[in-house]
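K.L.:
Residue numbers (numbering that gives the first Met the number 0), protein chains in the order written: chain A, 0 to 122; chain E, 0 to 405.
A hint or two may mislead.
Quick list of in silico lysine to aspartate or glutamate cross-link-like pairs, DMTMM-like style, CA-CA up to 25 Å [as the list claims (entries may be wrong)]: (1) E:Lys156 to E:Glu29; (2) E:Lys156 to A:Glu109; (3) E:Lys38 to E:Asp100; (4) A:Lys98 to A:Glu10; (5) A:Lys99 to E:Glu174; (6) E:Lys38 to E:Asp50; (7) E:Lys38 to E:Asp26; (8) E:Lys38 to E:Asp177; (9) A:Lys98 to E:Glu117; (10) E:Lys38 to E:Asp24; (11) A:Lys98 to A:Glu109; (12) A:Lys99 to A:Asp36; (13) A:Lys98 to A:Glu31; (14) A:Lys99 to A:Glu109; (15) E:Lys156 to A:Glu86; (16) E:Lys156 to A:Asp36; (17) E:Lys156 to E:Glu143; (18) E:Lys156 to A:Asp89; (19) A:Lys99 to E:Asp170; (20) E:Lys156 to E:Glu174; (21) A:Lys99 to A:Asp89; (22) A:Lys98 to E:Glu174; (23) A:Lys98 to E:Asp50; (24) A:Lys98 to A:Glu86; (25) E:Lys156 to E:Asp177; (26) A:Lys99 to A:Glu21; (27) A:Lys98 to A:Glu12; (28) A:Lys98 to E:Glu165; (29) A:Lys99 to A:Glu86; (30) A:Lys99 to E:Asp177; (31) A:Lys99 to E:Glu165; (32) A:Lys98 to E:Asp177; (33) A:Lys98 to A:Asp36; (34) A:Lys98 to A:Glu21; (35) E:Lys156 to A:Glu18; (36) A:Lys99 to A:Glu18; (37) E:Lys156 to E:Glu134; (38) E:Lys156 to A:Glu21; (39) A:Lys99 to A:Glu39.
It is worth saying that the hints were derived from the structure and are not from the lab.
The model shown is predicted, which means the values in this text are computed figures rather than measured ones.
Here is how the chains run, residue by residue.
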Amino acid sequence: MQYALIIYENEAESYPDGEQGEAWRAVLAAHEAFAGDLHERGLLRGGSGLRHSDTATTVRVTGAGRTVHDGPFAETREQLGGFYLIEAADLDEAIAWAKKLPVAANASIEIRPCLDMPQPGQD
Amino acid sequence: MTPLEATFRAAGGRVVSALAARFRDLDLAEEVFADACLKAARDWVDGPPADPAAWLYAVARRAALDRLRRRRTAAAHRPDEPAPTPTPEDHAMSLDEPIPDERLRLIFVCCHPAVATEARAALTLRAVCGLTTAEIAAAFLVPEATLAQRLVRARRKIAAAGVPFEVPASDRWPERMDAVLSTLEIAYAEAHADAALAGPHADFAREMLALSALLARLAPTDAEAQALAATIHLAEARRPARLDDAGAMVPLAAQDAREWDAALLRQGEAFLAASAAMARSGSPGPRALQAAIHAAHASRRQAGETPWRDILRLYDALLTLRDDPVIRTNRAVALSEVEGPATALLQLDAAAARGWLPFHVARAELLARLGRMTEAAAEYEAALALGPSRAEALFLERRRAASVAA
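Please build the complete structure, drawing on both the sequences and the hints.
P.N.:
Next up, the structure:
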């Protein structure tokens with residue numbers, strides 16, 4: 000099965016000096032190792048780290064149409080920081096990877112099974 | 000329950016577990032088991048076959064294979080294909096094929112930490128013990144529709160999120176077993192809180208005894224699983240002594256030990272011994288300590304008095320593992336028997352379990368023993384305001400009246 004491991008961190012607490020800080024560099028190095036581990040086992044299907052949430056732009060869809068706004072979709076205590084797409088036999092394996100996923104401080108890692116959808120260009 | 004329903008209930012746990020493990024689909028397992036029961040109700044005109052479980056398993060398994068075949072056909076966009084002819088596998092299925100015991104696996108699935116906490120016990124009782132949704136709803140005091148909704152959501156989550164139908168490997172065992180045991184503990188607390196055991200809780204407590212014994216048998220090397228079975232058996236053994244003739248609750252220390260159920264006490268002690276034998280690698284876990292406390296209370300039956308100093312030591316050990324207001328309250332009660340009510344009251348107030356019925360009862364009793372009757376009466380009043388069961392209310396009203404009169 001494919002799972003998304005979705006990372007939520009409090010940016011201000013985890014990376015007080017933003018993308019120039021030591022914490023940021025350290026977590027990126029840890030992610031490289033984590034992704035390398037997944038890749039070696041043939042379990043990495045995709046994913047990416049995301050830039051700071053103050054770089055986010057949101058398109059809001061309502062009955063009135065689609066409008067563009069500055070900022071992430073919701074102002075929350077923790078922000079979406081990135082995600083992995085991994086292959087795992089079952090939820091327990093996905094949980095085991097989520098428990099090893101590098102973070103800088105308090106964080107939540109949401110595990111979501113992926114929809115089984117045909118990939119464009121692959122038949 | 001009719002004899003037929005009793006047969007279905009007795010067979011249900013093993014049959015549904017085996018089906019769920021084979022097809023990795025709890026919904027399908029319950030659906031086809033229900034189908035098989037319907038067919039049995041029609042076919043067993045001369046009474047059930049020699050092995051009803053094997054009959055139900057074979058019929059349900061065939062129904063499951065049929066459904067899966069139909070689903071595959073539907074998925075392939077060929078809606079009007081005629082029913083398939085039986086495969087060699089269908090013919091090979093004989094009625095005397097042994098049913099694999101997959102109940103431990105199913106318990107781990109139902110109590111997986113990814114399943115909503117409030118659905119775990121209900122799911123286990125439904126799938127493993129075969130209780131009806133109505134029975135479980137009555138035991139947990141929730142509307143049947145609410146419970147049914149919870150079960151549907153939990154089954155859907157299990158299927159969609161890929162909860163494994165496996166007994167966890169040794170590195171995941173402690174965490175997963177802990178989730179199972181907490182689920183059963185919480186469910187049993189519901190049954191135990193009702194001293195009168197009137198209505199729906201009567202069967203429920205029996206089911207919890209059976210389920211805890213089953214788990215202990217299926218996980219013979221897990222010290223905490225043995226310990227939980229010990230606790231439930233020792234606590235249930237006191238059931239016959241928990242009410243007086245007027246229907247009022249009798250607190251543990253005032254119970255007539257001769258009324259305790261000797262057979263349940265023996266079983267509980269055997270589970271405790273098994274737990275101690277398994278825990279040789281380390282110090283006892285929280286459930287082993289709790290079981291030991293129950294066993295210490297039970298020892299009054301033989302020794303004539305309660306070993307309060309031992310009980311206090313056990314609570315001290317328990318506090319190092321689980322520091323919560325409930326344990327602090329119970330420890331304060333033990334302390335009052337060793338060092339007197341004044342010291343105990345100080346400790347109790349530090350426990351700060353306000354709003355929890357046993358805290359107010361314990362506090363009222365200590366105040367009464369100290370002769371502070373007005374405060375005791377107010378504390379009984381506070382306990383009564385928390386909506387105790389009828390048996391507890393009768394006891395508390397009596398105690399309040401006594402403290403007002405004194």
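K.L.:
Each hint: holds or not?
P.N.:
To see whether the hints hold, each was checked on the structure:
1. E:Lys156 to E:Glu29: 16 Å, holds
2. E:Lys156 to A:Glu109: OK: E:Lys156 and A:Glu109 at ~14 Å, within 25 Å.
3. E:Lys38 to E:Asp100: 23 Å, holds
4. A:Lys98 to A:Glu10: 20 Å, holds
5. A:Lys99 to E:Glu174: This hinted pair holds, its Cα atoms lying about 16 Å apart.
6. E:Lys38 to E:Asp50: This hinted pair holds, its Cα atoms lying about 15 Å apart.
7. E:Lys38 to E:Asp26: 19 Å, holds
8. E:Lys38 to E:Asp177: 39 Å, violated
9. A:Lys98 to E:Glu117: 24 Å, holds
10. E:Lys38 to E:Asp24: Distance of about 21 Å is within 25 Å: holds.
11. A:Lys98 to A:Glu109: Within the cut-off at roughly 11 Å; holds.
12. A:Lys99 to A:Asp36: Answer holds: A:Lys99 to A:Asp36 is near 11 Å, not above 25 Å.
13. A:Lys98 to A:Glu31: Satisfied, since the Cα-Cα distance of roughly 16 Å is no more than 25 Å.
14. A:Lys99 to A:Glu109: 13 Å, holds
15. E:Lys156 to A:Glu86: 19 Å, holds
16. E:Lys156 to A:Asp36: 29 Å, violated
17. E:Lys156 to E:Glu143: 20 Å, holds
18. E:Lys156 to A:Asp89: 13 Å, holds
19. A:Lys99 to E:Asp170: Holds. A:Lys99 to E:Asp170 sits at ~14 Å (cutoff 25 Å).
20. E:Lys156 to E:Glu174: Roughly 20 Å between the alpha carbons, so the hint for E:Lys156 and E:Glu174 holds.
21. A:Lys99 to A:Asp89: Judged against 25 Å, a Cα distance of about 16 Å means the pair holds.
22. A:Lys98 to E:Glu174: 13 Å, holds
23. A:Lys98 to E:Asp50: Violated, because 46 Å separates the two Cα atoms, which is more than 25 Å.
24. A:Lys98 to A:Glu86: 15 Å, holds
25. E:Lys156 to E:Asp177: Cα-Cα ~20 Å, so holds.
26. A:Lys99 to A:Glu21: 21 Å, holds
27. A:Lys98 to A:Glu12: 20 Å, holds
28. A:Lys98 to E:Glu165: 20 Å, holds
29. A:Lys99 to A:Glu86: 15 Å, holds
30. A:Lys99 to E:Asp177: 21 Å, holds
31. A:Lys99 to E:Glu165: The hint holds at about 22 Å.
32. A:Lys98 to E:Asp177: With a Cα-Cα distance of about 18 Å, the restraint between A:Lys98 and E:Asp177 holds, given a limit of 25 Å.
33. A:Lys98 to A:Asp36: Since the Cα atoms of A:Lys98 and A:Asp36 sit roughly 14 Å apart, the hinted pair holds (cutoff 25 Å).
34. A:Lys98 to A:Glu21: 23 Å, holds
35. E:Lys156 to A:Glu18: Not satisfied, since the Cα-Cα distance of roughly 37 Å exceeds 25 Å.
36. A:Lys99 to A:Glu18: 23 Å, holds
37. E:Lys156 to E:Glu134: Holds, at about 23 Å.
38. E:Lys156 to A:Glu21: 40 Å, violated
39. A:Lys99 to A:Glu39: Within the cut-off at roughly 16 Å; holds.
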